[in-house]
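Participant: Starting from the given sequences, assemble the full structure and let the hints guide the process.
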Amino acid sequence: MSLWEYANPRRFMATSSWLLPPLVVLSALLIATGLVWGFFFTPDDFRQGSTVKIIYLHVPAALMAINAWLMMLVCSLIWIIRRHHVSALAARAAAPIGMVMTLIALFTGAIWGKPMWGTYWEWDPRLTSFLILFLFYIGYMALWEAIENPDAAADLTSVLCIVGSVFALLSRYAVLFWNQGLHQGATFSLDKEQNISNVFWYPAVISMAGFVCLFVTLVLYRTRMEIRRRRLHALDARSMAA
Amino acid sequence: MILARILPDLGKYATEVGLAYGVSLGLLALLIGQSLWKGRKIKQRLQQEEKARKGE
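Chains A and B, in that order, give the protein sequences.
When we follow our numbering, the leftmost residue of the first sequence carries the number 57, and every step to the right adds one.
When we follow our numbering, the leftmost residue of the second sequence carries the number 3, and every step to the right adds one.
In short, the hints are calculated from the structure, not lab data.
Interface residues of chain A toward chain B, partial, derived using beta-carbon atoms under 7 Å:
no., residue
1, K109
2, P171
3, R285
As a list, the in silico SDA-like pairs of lysine to any residue whose alpha-carbon atoms are at most 25 Å apart:
no., chain 1, residue 1, chain 2, residue 2
4, B, K45, A, P65
5, B, K14, A, G105
6, B, K43, A, R67
7, A, K170, B, L12
8, B, K45, A, D292
9, B, K45, A, M69
10, A, K170, A, Y229
11, B, K40, B, Q50
12, B, K43, A, W74
13, B, K53, A, R66
14, B, K45, A, V81
15, A, K170, A, F95
16, B, K14, A, W173
17, B, K45, A, S73
18, B, K40, A, S72
19, B, K40, A, W200
20, B, K40, A, E201
Simulated coverage check for chain A against chain B, where a stretch passes if three residues somewhere in it have a Cβ under 8 Å from a Cβ of chain B:
no., region
21, 93-103
22, 155-164
23, 273-281
Every residue gets a Cβ at the ideal spot worked out from N, C-alpha and C, and that includes glycine.
Facilitator: So this is what it looks like as structure tokens:
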């Protein structure tokens, strides 16, 4: 069986309809476990105090903000190269989710930054590239809404997505090569010496897994919605032509 | 009273932590609610349209 079979809307609808219920349960369980564990059952950090509890929201949201755009990039490239409608619609479906994740990451970062850095905002490379990524999400969604022809909209938004990918990657790697910002390097590391303590690590990982599942669930649900909207659009166009 | 007993002691950063959780969960709830609402609306419209076409 080939992956491209899912480019068939009927096949996609059939597969996603049985995938969605277990994904909903899994997302709810993982997010509830990660956040309840992190909020109620972890100690305060000796430097950050209780603000350390914000990482259970901030890190998963930032992770999904970047990866949502990268998923949109893959879908956009598939659309440009192979012209599969489902991939263009999946990219469109992911945009509002990525936008909300970026907003959560920016907001929780600012709230944490005030007591820890002494400021809500700083024109730091990572923060600035995240803000630009947020603006790209809004522009991407606006472009889809602005163009009536769905194929033309998919073409133009795909190009916008490729351009915006620079900022998605920059927001991930800016701290590594742009050594002048306030934002620290990776909070999580496979190196045990550098990684945060296990009491914070376990609930954070569960929360991240929950956000990934929620993202997949919402993308599947919204792609189904976009497939129906496209069908409705086609029916309307047929009625107008008749 | 019950809430005060359940909630952990967040010390001097209670407002910041509370605000971060409140706004983030609120935004997630809005996103899920909007997706469900819009999804149902489009599904209903499509069903009506297809029904009307079958009747023609």
